[in-house]
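Trainee: Residue strings, one per chain:
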Amino acid sequence: MLSRLPFNKQKRVVIISFVALPLLLLLTFSYYPALELVRLSFTSWDGLSPDKEWIGWANYKEVFSNPEIFGVFKHNFAYFAVGIVQNIVAIYFAVVLNGRLKGKNFFRLLLFLPYILNGVAVAYLFGYVFDTTNGSLNYLLGQLGFGALSETSWLGSESFVNYTLASIGFWRFMGFNMVIYLAALQSIPGDIYEAASIDGANGWQQFISITLPNIYKIIELNLFLTVTGALEVFDLPFVLTKGGPAGASETFVMKILETAFQFNNYGLASAMSVVLLLFVIVVLSIQRFLLNGKGD
Amino acid sequence: MKKTYSLALVSVIMLTTLAACGGNNAETNNTSQTNNAGSGTATSEPGSASDISGELVFLTNRTDMIDKQYADYEKRFEEKYPGVDLKFEAITDYDKTLKIRIASGDFPDVVFVPSIPNAELPNYFAPLDDIQFSGDIHFKDLKAYEGKMYGVSSGGSTVGIVYNKNAFEKAGITELPKTYDEFLAASQKLKDAGIVPLASNFKDKWPLDTWVFDIPTLIGGDAAHQNKRAETDTPYTLDNAYGKSWGIIRELHQKGFLEADVNSTNWEQSKKDVASGKYGMYLLGNWVINQVIENGAPAEDIGFFPFPADNSGVAKAPLNPDFFYAVNKNGNVGAAKAFIHWMIEESGYDDFAGFIPTLKSKESKLPQLAEFNSFAPKFFEPVSPVDAATQIQNKAQLDQAAAVQEFVLSKDPQKVLDKVNAAWAKAKKDLGL
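Order-wise, the sequence lines are chains A and B. The working numbering numbers the first residue of the first sequence as 1 and each following residue consecutively. The working numbering numbers the first residue of the second sequence as 1 and each following residue consecutively.
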């Protein structure tokens, strides 16, 4: 039937029918819930009752004026800081494993494996590592002769609990970042390096002048993933510390869940989600602005 | 030509499926609306007891009992009521999941009451006053609204010290402590014997609920303390029941009677440690006794006595309800009521779960509960929660167990209370209560 139609019309029919289905799915399962979220954020819905009372901007005012809510963002800073280090280490490993090295596929696999593990499983695993009295880390430290250090409460110290948790994220996602960098590195043609070494450039100069500019877009992508990951971290503190000690490791997403499901304030929780979304956009815009300014 | 047909066929099928989707939606909407409208009038006349038949679904949180005890329950229940087809559906994360299903307008016939205000109970559940139990039951008024009962407790539990008798023997404790000072002395003996006196499971938060709900009841001699918070701007002070209760766990922490690092506790491991005598005691509900026994302790080694919260020497204990059965008012009400009656009177579920029976006249078969009762404790039954207190607490986003954590860890506990009170007062004012 289609073959009788003129070519342009055929093309249009094919395009529309192929695009319609994914668009329909996208609209029903992504955009409609998102819009519903925005609508709920202006109500005081308790998650159950049929009437959703419209209360205007009150929820948003609450989010920004209550330090208990907005203040937890500073806990996310640790994840961000560790995320930067994680990217540097990932580039380092990518460069090393891109060169000539015996058994490099094995090392690649080794570094990538943690990413495959389920997040909650990873959290439980590290619960045993960081346990103060029976944990393997403190046991190791004790055996190595660091008596005082081996009694550290890794998950119980308000000052560095977030860094302890972030280090687990490091262990888990470094390999993933590395694989992305590796793919980028492999797309750089080898003759550029050849030409550079003929001109007498050493390894570091090659890295700065050839490798970095070529993987710039990928660094941006990885930073994007790191920043959103840092802002939305949830599973590690939820399983390991329940936000403790005394709320020191509570993250914004945990706060959202608590607000919705423990305090039955779905309206406020929706507003918090919208704020988180906006926050991610703002941080990413800043990051893009800074990186592009440098890049061009 | 063939192509034309198949294409036409495909489009017809797609269109009909789409149309069917839409039609379905409209239909369910309609039915739920009519149901709502209809039941508004139907609630006034209690469901007639004669029509006990049809399918009956019970939504339970005990995933572990599916195909085991429940298979037996189903057989016995259907023997008594041959017309009923009883089904069990077990879910985890019960409260959240059930609330979502209730919000969708379609949920099983018998469920456990979710955490909603009592005033909303009549919107979803049928009144259960006409179930004829063989005697008085506990917690009759807790899930009631305007004089009608909407929930029947599946069992009760009390809170006290669950202890390892071997550990006590090893530490040279010959007599169980009856006052707070004796309790401290016993703890010191345990500590000197290299045993961690009390497993608090501080990190996990929920075990601290005891200090929020139960111990203040014993100290104040009043179970309504959570409700009375609604009447004041400063519900948490150092010299009231909360301050005293939280002060006890703070003192235990400072004297080193809790785990070495309270921020790094492990609930599953602690059960094994209490069972083996590495830890001496728990301050938890009697439900934990069976779990300790499952983790390797001989049943006769585990004992249970009331927690001496003060030096009066009078044994006191709270009596707390477990989940409440409720009946979907749009479901199979008659059979559901028969099922609840059967669960309470005949199933034996209370003994299996280690509950204090809901029927006041029934005795528990658990030996530890017998030991507990030998202290002749004065039991405090809870009062039904006042919505105002819950509202303020939700508005203030107050997690009391987290506040206990902060209180215990902080150098200046008064500051923690000030912070909590300030949030409380602000929420109270914002709500206009």
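These aren't lab readings, by the way, just hints derived from the structure by calculation. Quick caveat: nothing in here was measured; it's all calculated off a predicted structure. Fair warning: there could be bad hints in the mix.
As the list claims (entries may be wrong) - Below, simulated SDA-like cross-link-like pairs (lysine to any residue); rule was C-alpha separation at most 20 Å, straight line: (1) B:Lys96 / A:Phe234; (2) A:Lys242 / B:Asn394; (3) B:Lys278 / B:Asn166; (4) A:Lys242 / B:Lys278; (5) B:Lys96 / A:Ser273; (6) B:Lys278 / A:Thr133; (7) A:Lys52 / B:Thr174; (8) B:Lys191 / A:Asn134; (9) A:Lys52 / B:Pro117; (10) B:Lys360 / B:Phe380; (11) B:Lys75 / B:Thr92; (12) B:Lys362 / B:Asp387; (13) B:Lys228 / B:Lys244; (14) A:Lys217 / A:Ala183.
What the hints assert, rightly or not - Here chain A is said to cover these stretches of chain B; the calculated rule only asks that three of the stretch's residues, wherever they fall, bring their Cβ under 8 Å from a Cβ of chain A: (15) 97–108; (16) 200–206; (17) 251–263; (18) 389–399; (19) 403–412.
Said to hold, decoys possible - Label-pair distances were calculated between CB atoms; the ranges are: (20) B:Ser115 / A:Pro50: 11 to 21 Å; (21) B:Lys411 / A:Gly99: 31 to 41 Å; (22) B:Glu55 / A:Pro67: 46 to 56 Å.
All C-beta atoms, glycine included, are put in the ideal place defined by N, C-alpha and C.
Trainee: Run every hint past the structure and note whether it holds.
Mentor: Hint check:
1. With a CA separation close to 18 Å, the supplied pair Lys96 (chain B) and Phe234 (chain A) stays within the 20 Å bound.
2. With a CA separation close to 19 Å, the supplied pair Lys242 (chain A) and Asn394 (chain B) stays within the 20 Å bound.
3. Proposed proximity of Lys278 (chain B) and Asn166 (chain B) is supported: the alpha carbons are some 10 Å apart, at most 20 Å.
4. Pair hint Lys242 (chain A) plus Lys278 (chain B) does not hold up; C-alpha atoms about 25 Å apart against a cutoff of 20 Å.
5. Simply put, Lys96 (chain B) and Ser273 (chain A) have alpha-carbon atoms about 19 Å apart, close enough for the 20 Å limit, and the pair holds.
6. A C-alpha spacing of about 13 Å is found between Lys278 (chain B) and Thr133 (chain A), which places the hinted pair at or below 20 Å, so the restraint holds.
7. Note on Lys52 (chain A) and Thr174 (chain B): the hinted pairing is violated, with a Cα-Cα distance of about 61 Å set against a maximum of 20 Å.
8. With a C-alpha separation of about 18 Å, the suggested pair Lys191 (chain B) and Asn134 (chain A) falls inside the 20 Å cut-off, and the hint holds.
9. With a CA separation close to 17 Å, the supplied pair Lys52 (chain A) and Pro117 (chain B) stays within the 20 Å bound.
10. Pair hint Lys360 (chain B) plus Phe380 (chain B) holds up; C-alpha atoms about 14 Å apart against a cutoff of 20 Å.
11. As the CA atoms of Lys75 (chain B) and Thr92 (chain B) are separated by approximately 24 Å, the hinted pair breaks the 20 Å bound.
12. For the suggested pair Lys362 (chain B) and Asp387 (chain B), the alpha carbons sit about 32 Å apart, so the restraint of at most 20 Å is broken.
13. Using a Cα cut-off of 20 Å, the hinted pair Lys228 (chain B) and Lys244 (chain B) holds, with the two alpha carbons roughly 16 Å apart.
14. With a C-alpha separation of about 12 Å, the suggested pair Lys217 (chain A) and Ala183 (chain A) falls inside the 20 Å cut-off, and the hint holds.
15. Requiring three or more residues with a Cβ within less than 8 Å of a Cβ of chain A, the coverage given for the stretch 97–108 of chain B holds, as 3 such residues are present.
16. With 3 residues bearing a CB less than 8 Å from a CB of chain A, the stretch 200–206 of chain B meets the requirement of three and the coverage assertion stands.
17. Restraint check on the stretch 251–263 of chain B versus chain A: 5 residues with Cβ-Cβ distances below 8 Å, three needed, restraint holds.
18. Coverage of the stretch 389–399 of chain B by chain A holds. Counting CB-CB distances below 8 Å, 5 residues qualify, and the rule asks for three or more.
19. Requiring three or more residues with a Cβ within less than 8 Å of a Cβ of chain A, the coverage given for the stretch 403–412 of chain B holds, as 4 such residues are present.
20. Evaluation of the 11 to 21 Å hint for Ser115 (chain B) and Pro50 (chain A) yields a pass: the beta carbon distance comes to about 18 Å.
21. The beta-carbon spacing between Lys411 (chain B) and Gly99 (chain A), approximately 54 Å, falls outside the hinted interval of 31 to 41 Å.
22. For the pair Glu55 (chain B) and Pro67 (chain A), the beta carbons lie near 53 Å from each other, so the given range of 46 to 56 Å is met.
Against the hints set out earlier in the document, violations occur for numbers 4, 7, 11, 12, 21.
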